[in-house]
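Below, each chain spelled out in residue letters.
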Amino acid sequence: MASEALNRILYVEDDPDIRAVAELALVDVGGFETCLCESGQQALAQIDDFEPDLVLLDVMMPGMDGPQTLQALRNRPEGLKVPAVFMTARLQPSEVEEYRAMGAIGVIPKPFDPMTLGDQIRALVNCQPDANSLDLR
Amino acid sequence: MIKDSAASGDVSSRLADLRERFATRAAEDLQELERRAQVMREQGFDQAVMEDVCARLHRLAGSAGTFGFPELGEAARSLEKMLKAQAASGQGPVVSTLAVEKILALRTMLESPPMPVAEDEAMAETTERLEGSHGLRVAVRIVPARNTDYEWLAGALAAYGFDCRVMAGTDAEIIQTLATETGVATVILCADGRIAGIMEQLDASVQEPVRRMPLVCLSEDVSFDSRYQMAALGADGFFGRSPDLPELAERIEYLALERSSRVQGRVVLVEDDPELAEHYFLVLRSAGIDVCWVRDPMRLMSELSSFRPDILLMDVQLGPYSGVTLARMVRFDPQWLSLPIIYLSSEDNRDNQLEALSRGADEFLTKPVSDGYLVRAVRIRCFRARQLFRLMNRDSLTGLLKHSLIKLEAEKELARCRRDGHPASVVMVDLDHFKEINDTYGHRYGDMVIKALANTLRNRLRETDMIGRYGGEEFLVVLPHCDTEAARRLFTDIADAFSQLTFNGNNESFGVTLSAGVAAINNYVTGDDAVDAADQALYQRKRAGRNGVTVFGDDERNSGPTV
Numbered sequence: 001m002a003s004e005a006l007n008r009i010l011y012v013e014d015d016p017d018i019r020a021v022a023e024l025a026l027v028d029v030g031g032f033e034t035c036l037c038e039s040g041q042q043a044l045a046q047i048d049d050f051e052p053d054l055v056l057l058d059v060m061m062p063g064m065d066g067p068q069t070l071q072a073l074r075n076r077p078e079g080l081k082v083p084a085v086f087m088t089a090r091l092q093p094s095e096v097e098e099y100r101a102m103g104a105i106g107v108i109p110k111p112f113d114p115m116t117l118g119d120q121i122r123a124l125v126n127c128q129p130d131a132n133s134l135d136l137r
Numbered sequence: 001m002i003k004d005s006a007a008s009g010d011v012s013s014r015l016a017d018l019r020e021r022f023a024t025r026a027a028e029d030l031q032e033l034e035r036r037a038q039v040m041r042e043q044g045f046d047q048a049v050m051e052d053v054c055a056r057l058h059r060l061a062g063s064a065g066t067f068g069f070p071e072l073g074e075a076a077r078s079l080e081k082m083l084k085a086q087a088a089s090g091q092g093p094v095v096s097t098l099a100v101e102k103i104l105a106l107r108t109m110l111e112s113p114p115m116p117v118a119e120d121e122a123m124a125e126t127t128e129r130l131e132g133s134h135g136l137r138v139a140v141r142i143v144p145a146r147n148t149d150y151e152w153l154a155g156a157l158a159a160y161g162f163d164c165r166v167m168a169g170t171d172a173e174i175i176q177t178l179a180t181e182t183g184v185a186t187v188i189l190c191a192d193g194r195i196a197g198i199m200e201q202l203d204a205s206v207q208e209p210v211r212r213m214p215l216v217c218l219s220e221d222v223s224f225d226s227r228y229q230m231a232a233l234g235a236d237g238f239f240g241r242s243p244d245l246p247e248l249a250e251r252i253e254y255l256a257l258e259r260s261s262r263v264q265g266r267v268v269l270v271e272d273d274p275e276l277a278e279h280y281f282l283v284l285r286s287a288g289i290d291v292c293w294v295r296d297p298m299r300l301m302s303e304l305s306s307f308r309p310d311i312l313l314m315d316v317q318l319g320p321y322s323g324v325t326l327a328r329m330v331r332f333d334p335q336w337l338s339l340p341i342i343y344l345s346s347e348d349n350r351d352n353q354l355e356a357l358s359r360g361a362d363e364f365l366t367k368p369v370s371d372g373y374l375v376r377a378v379r380i381r382c383f384r385a386r387q388l389f390r391l392m393n394r395d396s397l398t399g400l401l402k403h404s405l406i407k408l409e410a411e412k413e414l415a416r417c418r419r420d421g422h423p424a425s426v427v428m429v430d431l432d433h434f435k436e437i438n439d440t441y442g443h444r445y446g447d448m449v450i451k452a453l454a455n456t457l458r459n460r461l462r463e464t465d466m467i468g469r470y471g472g473e474e475f476l477v478v479l480p481h482c483d484t485e486a487a488r489r490l491f492t493d494i495a496d497a498f499s500q501l502t503f504n505g506n507n508e509s510f511g512v513t514l515s516a517g518v519a520a521i522n523n524y525v526t527g528d529d530a531v532d533a534a535d536q537a538l539y540q541r542k543r544a545g546r547n548g549v550t551v552f553g554d555d556e557r558n559s560g561p562t563v
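Residue numbers (full-length UniProt numbering), protein chains in the order written: chain Z, 1 to 137; chain L, 1 to 563.
Among the hints, erroneous ones may be present.
[What the hints assert, rightly or not] Under the rule of at most 20 angstroms between Cα atoms (straight-line distance), these lysine to aspartate or glutamate pairs were calculated in the EDC-like manner: (1) K81(L) <-> E95(Z); (2) K84(L) <-> E95(Z); (3) K542(L) <-> D432(L); (4) K81(L) <-> E51(L); (5) K451(L) <-> D496(L); (6) K402(L) <-> D532(L).
[Stated by the list, open to error] Restraint-style ranges between C-beta atoms, simulated for each label pair: (7) Q71(Z) <-> R107(L): 36 to 46 angstroms; (8) R25(L) <-> E78(Z): 33 to 43 angstroms; (9) E78(Z) <-> A415(L): 31 to 41 angstroms; (10) I380(L) <-> P109(Z): 25 to 35 angstroms; (11) S370(L) <-> R74(Z): 43 to 53 angstroms; (12) Q71(Z) <-> R25(L): 24 to 34 angstroms; (13) C127(Z) <-> E275(L): 24 to 34 angstroms.
Derived by calculation from the structure, the hints in this document are not laboratory data.
In this text, a Cβ means the ideal position worked out from N, Cα and C, and glycines have one as well.
Generate the whole structure from the sequences, applying the supplied hints.
Structure follows, in structure tokens:
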């Protein structure tokens, strides 16, 4: 079940620089507990232990990209019961719709501002009246 | 791998470390890019190399902004797009020299110091909120001729609220100093003998804001030849050695406003190609221009009404719709009769362009448009549109709001006070013994004094304050987020500075004082009542000896009748 509170974020990003600054943004500025993964495979391996409240995925990654990772997380026997957010540098209106259709509750454009990333994520979650219903789409 | 949220370090210093790390890696990345660009230029197109170049650019586009290099990020993004578009259009095998040059240019953006944009904005906000701080304080830098004293001019202009300094040193040294203070709007006043040298240094500067600094010439020789020569050298204004100060002050204001990046604009962009629209959107937005993208022409009219742009930028062919016909349709609505409409089009036939122009648009930008050209073209048109709007709504002598509009502002501010509960003041300002000035020196000098007061107010007040010419020599000012005591202090300073200005008429110099009455807007039921109260306070000030400020209700505290 998606818990009401948003404390734990599973973050998947292949670029170590971006991972480092996002860690700062999410942990120190945003106040989240964060599990950093450098690939979709690692996310699959970590998610059960970490039990995140939200999954944050970079779209463009070598090997398994963001959408494929989301699909893989969903395809686990227990599925994915928490909201997902994408991050991407190539933000076109059509793409946002595409990611929404995949069930993401929102897309955060890159480059992001490390000082407001946490707020952006909270705003996306708060805009969702019922995060569970979105999983059904 | 799991980080405890309690583990906090010094965020900004860690951020700075990360920035540095990014800069190092990005520098390596750029070197790789340059190497690949050279390889392609010399050995021809290679699909694998191109893909690698695009991937690297994409990474930069998505990350540079986060680390404080937004310019680099935007440039990488637009370059990535350009290369992809070239590949898609079948031009793939040719990598244009332009692309290679642009890749080389990326390096300079990494070398320029990172701009922590968000922090700057936050700082600007706090200073603006300080009561009595000024809106746009213009820096005036005077380059003197040898053995000429210009301190008097610096002093005189300082009285108008400019930050004035006479510069010492060689041309190169002066420009170097100016290059360190590009954050403010600067206007250079330059003695004619030094213009050529200063211009050369300006043009040679690597900083765009320095190259674009406006320059006003001060010359002893006011002949046609001399003026023509200064215009040819690139001066933006021309004044004699003893310039008419109010006029000079006005020109400085105008130039500073025109050049400053604060000249922003609002643009509605009608474009059905999302790729292009996104590109224009990013280019314009990174130049500080607000853009509203309309993809479906059916939504154009409603977006115009809600967004209220300065100009309309429109593709000529929008699927089944013609931009030319849409322009005509927009003009059906009288409120958009004067809205500048500009086509973005690949139409380069002058006859066809003219035909389209005759049907309601104002101008063509022929595709492909370079980013820099688009920004400049849009900015200047937004500026002109705003100038036109000013002409219609502003008092012609002072450039301030007309009577009816400033009264409306008082009313609007009262509504805002009710909503947010903040204090706000309204101030009525009047020149003392103004009739005598007109009678003694003539109306021309009277007008000069009025203009000088208008400029002083503009320079001393915040951007959010509203200033209007209420009557002949009466001005009305609305000060949001400013209680009556702060307003009293502010206008005491203004009255003081204004009384120190000297005017020259009939071969004698004279000074003028002003009186001001202040009232708290939020104490009244209507804006008109507040204005009346300020007017009464002004009347009390006049009876109490003029030259100063009275707040409505002061007399009750001071007790005892004033006769």
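Check the structure against each numbered hint from earlier and tell me which ones fail, lowest number first. Result: hint 9 breaks, nothing else.
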